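Colleague: My request is simple: use the sequences and hints to build the entire structure.
Each residue of the sequence shown is one higher than the one before, counting from 1 in the UniProt record's numbering.
What the hints contain is simulated information worked out from the structure, not anything from laboratory work. Here the structure is a predicted model, which is why all the values come from computation and not from measurement. Just so it is clear, CB atoms sit at the ideal spot from N, CA and C, and this is done for glycine as well. Among the hints, erroneous ones may be present.
[Said to hold, decoys possible] Distance ranges between label pairs, derived from CB positions:
#1 Ser5 to Thr117: 50 to 60 Å
#2 Trp183 to Thr122: 30 to 40 Å
#3 Thr26 to Asp178: 44 to 54 Å
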Amino acid sequence: MSKQSFSIALQRGTLHFLLIALSLITLFPLLWMLTSAFTPNDLIVQKALRLWPEEFTFSNFQSAAERYPIWWWLFNSVLTSTAITLGKLVISLPAGYAFARMEFRGKQFFFWVVIATMSFPTVLAIIPTYIGVVKIQAFDTYSAMIIPSIPYIGFYVFYFRQSFLSLPGEMFEAARIDGCGMWKQFTDIAIPNVLPAIAALSVISFMGAWNIYLWGQLVLEDTGRKTLTTGIAMFADIDGAQTPWGPLMATSLLSILPVLAMFLLAQRYIVEAFSAGTVEK
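Modeller: Structural data, given as structure tokens:
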């Protein structure tokens with residue numbers, strides 16, 4: 001083996017070793033959470049750190065359900081995250097298509113207004129939004145969690161616009177010649193050709209909605225209406241008692257499984273969407 005080939009192999013081997021080490025460091029907390037979720041609560045802090053439960057049990061899930069309505073929290077998380085994701089898609093898809101394929105007065109101005117919203121810190125809108133929610137008597141409802149979270153779609157509109165612009169214009173021209181209206185072109189031609197982008201942004205939106213914490217803590221007061229993200233914090237508020245690590249880890253595991261499953265199912269579409277070119281044609 002030549003010195004150059006040996007040097008390249010050494011560099012690749014070092015890079016792979018570092019990536020594997022970083023991956024293990026990143027995955028270790030998840031592995032500890034998984035182990036703790038199936039380890040009896042009284043053994044978690046008494047035994048030495050183990051990467052596999054010495055005594056496998058499902059009692060932590062039962063204990064968590066006895067303390068708090070974690071299954072309702074799971075339902076609330078799925079409901080609100082799905083509604084927010086659908087709301088974002090219903091608005092951003094037609095908006096992106098309009099900015100890409102339609103001509104109307106003020107098109108560029110309104111597009112740059114949408115782009116400008118991407119730099120607007122969402123935390124600045126929390127207080128006025130909270131006041132509005134209280135005034136319309138929507139506090140502590142699913143609507144208070146869902147509706148204010150939908151309008152943050154600047155990136156979605158931009159990405160869908162670029163995706164629609166990347167489609168060959170000849171397709172739309174042929175459709176117009178065949179008598180297809182603008183809506184028909186949107187539903188039958190544009191959307192089927194950007195399914196990877198829709199899948200990718202759906203996962204991103206769902207994950208973002210699933211992890212909403214601060215806003216959920218502000219507008220969801222009833223224990224039964226909380227989501228998993230906001231409800232987990234209640235395990236740390238037990239009147240000075242020791243934190244129940246087993247039920248807490250079981251609930252935490254429950255909170256990541258739906259998102260992880262959704263990501264794994266749509267992984268191929270995500271890679272395809274973000275590796276595809278979005279050059280205007």
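Colleague: Against the structure shown, which of the earlier numbered hints fail to hold, in ascending order?
Modeller: none
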